[in-house]
Amino acid sequence: MKAAIRLALLLLALLGPAASFAADPDEMLADPRLEARAEAIGNSLRCLVCQNESIEASGADLAHQLRVLVRQRLKQGDTDQQVVDYLVSRYGEFVLLQPVFAWHTLALWGAAPAVIVIGAMTLIVLARRRRPAPAAELTAEEAEALERLSQPEPPSP
Amino acid sequence: MIIELGHFSMALAFAIAAIAAVLGFAFWRRHGQVTPYLRAAAVLQFLLIALAFGTLIHAFVNADFSLALAYQHDHSQMPLIFKVTSVWGSHEGSMVLWISILVLFGALVAVFGRRLPEDLLALVLSMQALLVAAFTGFTLFTSNPFLRLDPAPPEGQSLNPILQDIGLAIHPPLLYTGYVGFSICFSFAIAALVSGRIDAAWARWVRPWALLSWCFLTLGIAMGSYWAYYELGWGGWWSWDPVENASFMPWLAGSALLHSALVMERRNALKIWTVFLSIIAFSLSLLGTFLVRSGVLNSVHSFAEDPTRGLVILVLLALIIGGAFTLFAMRAAALRAGGLFAPISREGALILNNLFLATGLAAVLVGTLYPLILQAVTGRVISVGPPFFNLTFGILMAPLLVLIPFGPFMAWKRGDLVAATQRLAGAVVLALIAGLVVFVWSGHSLSLAPLGILLGIWVSVGAIADLIDRGRIGRIAPNESWRRLAGLPRSAWSTAIAHFGLGICVIGVVSATAWSSELVTTMSPGDTRSLVGYSLHFDAIDDAPGPNYSAERGQFTVTDPSGGTRVIEPEKRVYTAEQQPTTQAAITNYWLSQLYVQLGEKGQGNAFVVRVWFKPFVLCIWFGAMIMAFAGFLSLTDRRLRVGVPRRRAASMTPVPEAAE
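Chains as they are written, first to last, in this note's numbering: chain A, 1 to 157; chain B, 1 to 661.
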């Protein structure tokens with residue numbers, strides 16, 4: 001399950017950055033690869049004082065500080081995971097726009113799969129129950145009667 | 001005096017609605033006597049609320065600041081249109097708009113419902129009256145829009161600058177019409193549960209209302225999305241904000257309802273589920289309208305919160321939604337299941353559609369409410385943001401998109417999947433080629449984007465294939481084909497058009513998400529920058545004061561890759577009354593793509609931060625939605641569905657044979 005989610009996440013990440021940035025040009029790193037990593041991280045972090053924006057999309061001061069912080073850590077050679085971990089240690093998991101996959105989020109991640117599995121099973125059960133009973137085998141007499149009826153009638157004298 | 005007249009009308013409407021609801025539910029069995037009164041009461045509620053709403057508009061237009069609400073949200077210097085729209089730019093005023101639409105729908109049922117069975121009509125109007133009583137009561141007792149100030153202040157505090165936009169004139173009325181329209185489906189569901197009687201005729205009555213609401217909701221959501229896109233200034237058109245989700249959930253439920261009501265209407269099956277969806281759709285509409293105002297959810301859309309008001313809202317929601325579901329639990333078993341069908345059939349396809357839509361709905365609902373519930377239960381605070389929704393909802397919608405084109409090719413009762421696939425072969429090939437072209441063009445990147453485009457094209461082309469097949473185009477003489485197409489029921493056309501629109505919308509979403517290019521830079525007048533072949537020259541910066549704001553307006557010349565030039569003028573405004581800065585992005589269309597330029601913070605001298613986005617095919621998102629809404633309206637004109645017509649046909653109860661099968 002976890003591996004499947006990770007794969008799906010990876011594929012989704014390939015779709016490209018979802019939100020666009022409102023970063024200032026003077027914050028941006030000179031190295032485009034490092035900057036791209038910083039943007040990817042920034043897009044997954046919540047601007048804590050905003051309603052529902054990532055730090056890359058927000059114009060708030062805190063978002064600016066966090067953007068700078070992410071870039072500082074990256075320049076110091078942190079991996080993406082280390083940067084994210086650092087921010088989580090500082091601000092809690094509230095900072096993650098995508099909740100972690102753990103026990104306390106099991107119901108969150110599991111809800112949609114559960115609904116579709118239960119829904120599909122219910123449909124299958126209902127479909128089986130509703131299927132009309134197969135016609136019973138003909139008894140010998142009935143078969144004979146049918147045979148008789150399906151014979152071409154003898155020409156009447 | 002005029003305002004007191006409005007206040008009194010609303011109080012009177014509250015009393016009439018409360019009496020109508022009590023009498024209606026008590027005596028609906030004696031419908032011969034009670035129905036005429038309920039109909040008169042519905043019309044009266046409409047007239048009274050219209051009068052109340054009119055007095056508010058009158059006060060706002062005349063900048064009467066003795067009205068507290070006008071003082072808080074109106075300003076004498078605002079243009080006329082914003083004076084009118086600022087009536088519903090506040091919590092109190094938007095309640096009045098919401099109720100106005102509710103009573104309008106109630107009156108429509110009363111006037112055009114003459115052919116409904118009288119007991120059903122009595123129950124529907126009673127339920128509507130109960131809703132009117134609940135929400136006029138809520139408005140009068142906790143959010144009274146008619147309060148006065150003495151002495152009247154000389155000037156108002158003006159509307160929030162972000163709301164001073166044509167979007168406020170269009171978005172809330174469309175959205176509310178969509179939300180409130182589902183109240184009719186809800187009332188029909190309650191009526192069916194109370195009377196214990198439900199049949200295909202019921203579905204034929206409910207479907208037009210569901211369709212109408214769905215059309216308005218589609219337009220309302222699309223309009224809101226475009227409004228956020230151009231107003232908020234960072235080029236985002238959907239951020240899975242709780243309020244966006246709150247409007248999207250009734251839309252999903254409504255889309256499911258449209259399809260399930262179709263099964264019920266034609267085949268008398270899926271009754272319990274259709275009733276369930278009718279209740280869900282309106283419950284989610286209520287959630288969409290009110291949960292934001294309860295202070296429970298935080299969102300950019302929230303109005304100023306008030307704890308008592310929030311509590312009353314929650315109690316009201318719990319009573320209405322909880323009551324409806326209790327009734328459902330008690331009575332649903334009495335509704336007998338109907339027609340038989342094979343799993344592979346039109347019915348089966350529509351059920352599969354419902355399964356995916358309902359699961360998508362569950363994903364959005366859980367994602368929106370989970371942080372609240374988790375915090376309440378364990379105290380842990382988490383965020384559920386766009387990455388979660390993109391992942392779960394995206395994965396769920398992909399198989400639905402794959403399946404959509406097959407649906408219309410399935411016959412009722414028993415379909416033939418192989419034959420359907422054969423008839424769709426052209427669409428399959430075309431979509432695969434398109435996907436491959438996009439894959440090569442986008443640089444062989446292993447990503448979901450070409451797959452998304454492939455799905456969008458598949459859905460659109462599949463819809464066209466449906467029309468080609470029904471018209472036997474290419475297999476019989478062209479004029480004969482034309483005659484066949486012209487003779488198709490409008491509902492068949494609208495199915496194809498709506499699915500086509502959905503495909504277009506998907507293409508826009510995928511393209512604008514995956515291939516949008518960005519440039520953030522500092523520019524002074526005279527500078528030139530370029531982005532994906534478009535070069536941007538900063539010509540000048542000027543002062544451009546408006547009626548109630550001061551502004552700096554940049555002038556940029558854009559040269560597109562083919563050499564054409566045009567001038568665009570993004571602005572930064574500061575509204576005088578609030579001293580609140582806003583940005584007005586300049587957006588210019590290149591066919592279906594857009595170049596989006598935002599003038600940002602001012603640096604040293606005349607240097608500005610300039611943010612530029614190129615969003616390929618972004619217009620497809622909203623055009624697709626508009627095509628879907630158009631298809632819905634077209635379907636409403638289908639004779640079979642026209643409000644008022646069904647009664648005659650319902651008598652026979654035989655499914656109407658599909659014309660082209």
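Incorrect hints may have been included.
[As the list claims (entries may be wrong)] Just a few of them, taken from the derived set where beta-carbon distance is under 10 Å, the chain A residues facing chain B:
hint : residue
1    : Asp-24
2    : Met-28
3    : Leu-29
4    : Ala-30
5    : Pro-32
6    : Ala-60
7    : Gln-72
8    : Leu-74
9    : Gln-76
10   : Gly-77
11   : Gln-81
12   : Tyr-86
13   : Arg-90
14   : Ala-111
15   : Ile-116
16   : Ala-145
Quick caveat, the hints were computed from the structure, so don't treat them as lab data. We treat Cβ as the ideally placed atom computed from N, Cα and C, and that holds for glycine.
Now for the hints, and whether the structure bears them out:
Interface hint status for A:Asp-24: upheld, as the beta-carbon distance to the closest one in chain B is roughly 6 Å, under 10 Å. Restraint check, A:Met-28 versus chain B: the minimum CB separation of about 7 Å is within 10 Å; hint holds. At a threshold of 10 Å, the smallest CB-CB gap from A:Leu-29 to chain B is about 12 Å, leaving the interface hint violated. Against a cut-off of 10 Å between C-beta atoms, the interface hint on A:Ala-30 is violated, since the closest Cβ of chain B lies about 14 Å away.
Hint status for A:Pro-32: violated, given a least beta-carbon distance of 13 Å to chain B, over 10 Å. With a cut of 10 Å, the hint placing A:Ala-60 at the interface with chain B is violated, because the nearest CB-to-CB distance is about 12 Å. At its closest, the beta carbon of A:Gln-72 sits 19 Å from a beta carbon of chain B; the interface hint therefore is violated under the 10 Å criterion. For A:Leu-74, the interface hint is violated, the least distance from its beta-carbon to any beta-carbon of chain B being 18 Å, above 10 Å.
For A:Gln-76, the suggested interface contact is broken, since its CB lies about 23 Å from the closest CB of chain B, more than 10 Å. The closest approach between the C-beta of A:Gly-77 and any C-beta of chain B is roughly 25 Å, which is over the 10 Å cut-off, so the hint fails. The closest approach between the C-beta of A:Gln-81 and any C-beta of chain B is roughly 16 Å, which is over the 10 Å cut-off, so the hint fails. Hint status for A:Tyr-86 relative to chain B: violated, with the closest Cβ pair at about 17 Å, above 10 Å.
Of the supplied interface hints, the one on A:Arg-90 is violated, with its beta-carbon coming no nearer than about 14 Å to a beta-carbon of chain B, more than 10 Å. A least Cβ separation of about 4 Å between A:Ala-111 and chain B falls short of the 10 Å threshold, and the interface hint therefore holds. Interface restraint check: A:Ile-116 against chain B, minimum CB-CB distance 4 Å, threshold 10 Å, status holds. This hint is violated: A:Ala-145 has a C-beta 28 Å from the nearest C-beta of chain B, more than the 10 Å allowed.
The structure is inconsistent with the numbered hints 3, 4, 5, 6, 7, 8, 9, 10, 11, 12, 13, 16, although it conforms to all the rest.
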